[in-house]
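S.K.: All chains should be modelled from the sequences, with the hints used to inform the complete structure.
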Amino acid sequence: MFNYLALTIVCMGFVQVSHAEVIGTEQLISSEAREAAMTRIESIVMRDDVRQQLSNLGVSQEVVLARVDRMTDSELASFESSLSQGIVGGDALAVIGAVFLVLLILELVGVTDIFKSI
Amino acid sequence: MSHAGPRRPAHSHIRWRTVFTVFAGTVLAACSTSPDTVRDYGALTQTIELSDTPFIPQERYQCGPAALLTVLSVAGATPPLDEVVERVYLPGSRGSLQAEITATVRAYGRIPYVIDASMSAITSEIQAGRPVMVLQNLGVSWLPRWHYSVVVGINPLADQVVLRSGTDARRKTSTNTFLRTWSRSDYWGLVVLRPGELPANPEPQRYLQAVAGLEATGRYHDALSGYDAALTRWPDSTIALYGAATANYQLGQLAPAIHYYQRILVTEPDHLSARNNMAYALFESGHYVDALVNIQEVILRAHEDDPLLGQYLASRDELCARVSIIDPPVDKAEGYCTTAGE
Chain A
1 MFNYLALTIV CMGFVQVSHA EVIGTEQLIS SEAREAAMTR IESIVMRDDV
51 RQQLSNLGVS QEVVLARVDR MTDSELASFE SSLSQGIVGG DALAVIGAVF
101 LVLLILELVG VTDIFKSI
Chain B
1 MSHAGPRRPA HSHIRWRTVF TVFAGTVLAA CSTSPDTVRD YGALTQTIEL
51 SDTPFIPQER YQCGPAALLT VLSVAGATPP LDEVVERVYL PGSRGSLQAE
101 ITATVRAYGR IPYVIDASMS AITSEIQAGR PVMVLQNLGV SWLPRWHYSV
151 VVGINPLADQ VVLRSGTDAR RKTSTNTFLR TWSRSDYWGL VVLRPGELPA
201 NPEPQRYLQA VAGLEATGRY HDALSGYDAA LTRWPDSTIA LYGAATANYQ
251 LGQLAPAIHY YQRILVTEPD HLSARNNMAY ALFESGHYVD ALVNIQEVIL
301 RAHEDDPLLG QYLASRDELC ARVSIIDPPV DKAEGYCTTA GE
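Protein chains in written order, with our numbering: chain A, 1 to 118; chain B, 1 to 342.
These aren't lab readings, by the way, just hints derived from the structure by calculation. Hints should not be assumed to be uniformly reliable.
Here are the computed distance ranges between Cβ atoms for each label pair [claimed, not checked]:
1) B:His259 / A:Asp73: 29 to 37 Å
2) A:Ser55 / B:Thr177: 44 to 52 Å
3) A:Val63 / B:Gln205: 29 to 37 Å
Some chain A residues judged to face chain B by a derived CB distance under 10 Å, without partners named [claimed, not checked]:
4) Glu21
5) Val22
6) Ile23
7) Gly24
8) Thr25
9) Glu26
Chain B is nowhere near these chain A residues, computed Cβ spacing over 12 Å in every case [unchecked claim]:
10) Met46
11) Leu57
12) Gly58
Backbone N, C-alpha and C fix where the C-beta goes; we use that ideal spot for every residue, glycine too.
M.R.: This is how it looks when you write it as structure tokens:
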């Protein structure tokens, strides 16, 4: 009986080791989606007019992108959809487009201190 | 009458919203009626109604479970209502969350597919025999009254939709009113598919994501049927191939798993997740050295900022640990486990 028990424990241990953790399809999809979202956000943040506005406010692109990078997948998705909504609105309000976009970005990544310092 | 109160996703940009509204209010004011692209009935010219759809009257506040059981039972899953209530109903908020609804659909081995935001998407599903569960807001945006119901019929001539709604077995609503209430949930609409069944107008990414949810919850047989169906429609879809490979692997069917991973790697040799999993499939089928060659290749090709790098390294450690205890020792294995660069 004891032997049987011991064998069971050994087997359980072995099963844990041998249970290969392949990368599941869901994980693949979400990591690809994250990468694509990051690329789209980067392309917006790297725009010349946006960069200019950011530097006027004393914020570097790196700070913004680092913050975006730290977001969870769902935060990132929400950020991106808000950003694209902002861009749609920005088209209609072309005059203040870049300023608006920058304020939006800063608001979304939580660099709110900027408003106190200016 | 019912009050479902799904928690809307928390937005971190409420303040921004306010700012935006002030600036853009005039621009957006024109958007309060649904655009023609949403209203369009598609190819439908005649009245259509799925009269066989069961009617499950809701109890107080529980329109979510009742509507969900309606669409589940059309897809052949008929759990008792109590059980569905337990899974999706949140007494605190007197309602159900969309995420809990899709999770429950998966728990019954069905695929929850969120349809496109249009009348024609509903029409196509109904024409395919599937009623559509929808989330409506019967109140106004600032005083919401969330409600789940099921669209079972459309009459394009009278501009009406027919709903199983609350305690109404057959509520007729004008399309305009319906669209106004539906728009406030961002047109959230769900169909329940049997594994192997595709939606009327499937969007590949969204469909495969729904199937991947089945795989992630351990329903490998159901997931495999879903991926197989995807491969009949999109034979070269990398995600569908990957899913079919992974579901096969999890079912211990190593030959088809290797076949599908191989199909990805032929066209995308840098698909590191596929190569990582390929290493496992080869290892399990006794091709130890091939497995180690592949996992070493993954680590050599990986960028240092690859979010999955940690996982690749863990894979190599695991496979090397396992090969080291194989008796008799595997020829040449040592080399792949000591020289791999980190």
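S.K.: All hints, please: hold or fail.
M.R.: Okay, the hints, checked on the actual structure:
Between histidine 259 of chain B and aspartate 73 of chain A, the C-beta spacing of about 31 Å keeps the proposed range 29 to 37 Å intact. Checked against the hint of 44 to 52 Å, the C-beta distance between serine 55 of chain A and threonine 177 of chain B comes to roughly 50 Å, which is consistent with it. Between valine 63 of chain A and glutamine 205 of chain B the C-beta distance comes to about 32 Å, which sits within the given range of 29 to 37 Å. The interface hint given for glutamate 21 of chain A holds, since its Cβ lies 8 Å from the closest Cβ of chain B, which is under the 10 Å cut-off.
The criterion of a C-beta within 10 Å of any C-beta in chain B is met by valine 22 of chain A, whose closest approach is roughly 4 Å, and the hint holds. Annotation: isoleucine 23 of chain A was flagged as interfacial toward chain B, and the flag holds, the nearest CB pair being 5 Å apart, inside 10 Å. Satisfaction of the interface hint for glycine 24 of chain A is found here, the shortest Cβ-Cβ separation to chain B being roughly 6 Å, below the 10 Å cut-off. Because the beta carbon of threonine 25 of chain A sits about 4 Å from the nearest beta carbon in chain B, less than 10 Å, this interface hint is met.
At a threshold of 10 Å, the smallest CB-CB gap from glutamate 26 of chain A to chain B is about 4 Å, leaving the interface hint in force. Consistency note on methionine 46 of chain A: stated as away from chain B, and its beta-carbon is indeed over 12 Å from all of that chain's, at 17 Å minimum. Annotated as non-interface, leucine 57 of chain A keeps its C-beta farther than 12 Å from every C-beta of chain B; the closest such distance is 16 Å. Here glycine 58 of chain A stays apart from chain B, with its beta-carbon at least about 20 Å from theirs, past the 12 Å limit.
Of the hints listed earlier, there is not a single one the structure fails to meet.
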